[in-house]
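Enquirer: Sequence:
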Amino acid sequence: MRRALPLLLVLAASPRARSEEPVPTVSARSRIYLRLDPSSVPDPDGRIEPAALGNFRLSAHGEWDAEASGWVAHAPGSASYAEDALSGDVTTLLLARTMGPLRLTLGRQWTRVGGQRLQAVDGITGTLALDRRVEVSARAGLGGLEPREPLGDTPELGAEARFSPFTRGWFGVGVIHQRPEDAHERTRWTLSGDWRGARERWQLMAVATADVDQRAVVDARLEAALRPGETVWLRAYGRHTRVDLLLEPDELLAVFAEDLRDEIGALAEWLTVRWLRLRADAAVVYSEDRVGGSRWRLGADLYPRAGATVIVEATARLDRVGRSGSARAAARWPLWRSIFATLETLGDVDVDGDPAALARAGAGFEPWEGWFAYGALEGARTPRWAGRLSGVVILEHAIGAPVRWGGGP
Numbered sequence: 001m002r003r004a005l006p007l008l009l010v011l012a013a014s015p016r017a018r019s020e021e022p023v024p025t026v027s028a029r030s031r032i033y034l035r036l037d038p039s040s041v042p043d044p045d046g047r048i049e050p051a052a053l054g055n056f057r058l059s060a061h062g063e064w065d066a067e068a069s070g071w072v073a074h075a076p077g078s079a080s081y082a083e084d085a086l087s088g089d090v091t092t093l094l095l096a097r098t099m100g101p102l103r104l105t106l107g108r109q110w111t112r113v114g115g116q117r118l119q120a121v122d123g124i125t126g127t128l129a130l131d132r133r134v135e136v137s138a139r140a141g142l143g144g145l146e147p148r149e150p151l152g153d154t155p156e157l158g159a160e161a162r163f164s165p166f167t168r169g170w171f172g173v174g175v176i177h178q179r180p181e182d183a184h185e186r187t188r189w190t191l192s193g194d195w196r197g198a199r200e201r202w203q204l205m206a207v208a209t210a211d212v213d214q215r216a217v218v219d220a221r222l223e224a225a226l227r228p229g230e231t232v233w234l235r236a237y238g239r240h241t242r243v244d245l246l247l248e249p250d251e252l253l254a255v256f257a258e259d260l261r262d263e264i265g266a267l268a269e270w271l272t273v274r275w276l277r278l279r280a281d282a283a284v285v286y287s288e289d290r291v292g293g294s295r296w297r298l299g300a301d302l303y304p305r306a307g308a309t310v311i312v313e314a315t316a317r318l319d320r321v322g323r324s325g326s327a328r329a330a331a332r333w334p335l336w337r338s339i340f341a342t343l344e345t346l347g348d349v350d351v352d353g354d355p356a357a358l359a360r361a362g363a364g365f366e367p368w369e370g371w372f373a374y375g376a377l378e379g380a381r382t383p384r385w386a387g388r389l390s391g392v393v394i395l396e397h398a399i400g401a402p403v404r405w406g407g408g409p
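Residue numbers for the sequence shown follow the numbering used here, so the first one is 1 and each next one is one higher.
Derived by calculation from the structure, the hints in this document are not laboratory data. Every residue, glycine too, gets a C-beta built ideally from N, C-alpha and C. Hints may be right or wrong, so weigh each one.
Derived CB-CB ranges, DEER-like [said to hold, decoys possible]:
| hint | residue 1 | residue 2 | range |
| --- | --- | --- | --- |
| 1 | Arg47 | Pro304 | 42 to 50 angstroms |
| 2 | Gln214 | Gly292 | 20 to 28 angstroms |
| 3 | Pro38 | Pro367 | 24 to 32 angstroms |
| 4 | Met205 | Gly387 | 41 to 49 angstroms |
| 5 | Ile339 | Pro165 | 52 to 60 angstroms |
| 6 | Leu267 | Ile48 | 39 to 47 angstroms |
Construct the entire structure; sequences and hints are all you get.
Expert: Structure follows, in structure tokens:
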């Protein structure tokens, strides 16, 4: 990568590149998690090694866009053979180019063309903007990706059309057809729409996916958001899900999955003052046998000074298994320059079981530009571990991209 950077800078500096082509940019990010837990199951030879998880992402943008990302993990003591303790996967590996109104992406990618959920596909995706009111997309490839397989095993075709006849609204229709090797073919249609008010004061969104063969609605959501003032946010939602039909067509776990799930809930946020945000949400859930459950949560986010955050929240759960609750308190506080400290505690109480608690204290800093380091000590007491003490170390390196502490891989 270091050899490629001077070439990219020369291309960016040329007059022709500035006038006819976008300025090339390159970014890279890698992160390593290390955990040492004395209570882990030892390796066959009796050694206790740290568990590790590493992920990376490389991206380049110019006339062509390219991206590669993936992860590798080492879980000692989880298998009787050393090679089984190491696993990994390539999350994305793609090339993309925009040619006027057409955008093409080739390779391993995540897309929701034709449906409402992101799916990993090895293939090609294209989006064509016919005009500012009509956009069509299509995809073809292999889905059903497995971590230990180089390619997917389920041929898929998908298409979608989105119409925007109004300034603040749009609606779309999509279809996905899958032909798994050891299961029935699957065809699903998705209808979706979105309508927003002036100045984003309110929003109404609806989407539903129906399976042709099962003649059933697989997944449907209705959401309404309201912002009556600059400091208040309200959202209500309803959802209907067939859990077994959301799995892959050849997934054996579909037989054991809960068949039906309905959920209705509401959320509210209120920024009382600049340094205090209050949160509340509640939901009622019903399974196929109509046994109801509910979830209630209250929380507060405090920002006492720049770079400092304090979070306090409590959750109560009522379901057919019993009653349970949890409480969480976390804080991040800047100390000096880039050094900061963190403290987090989490407790869980089950009426019919033993309580569990976890505490983590750590510190992080930026030793050099683009580098980030964090270390923490954890203590836990759960029904599984009477007393547990472990350590966590996180190292992150970023080139051409900002460090995203707390973000995704």
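Enquirer: Of the hints stated earlier, which fail here?
Expert: none
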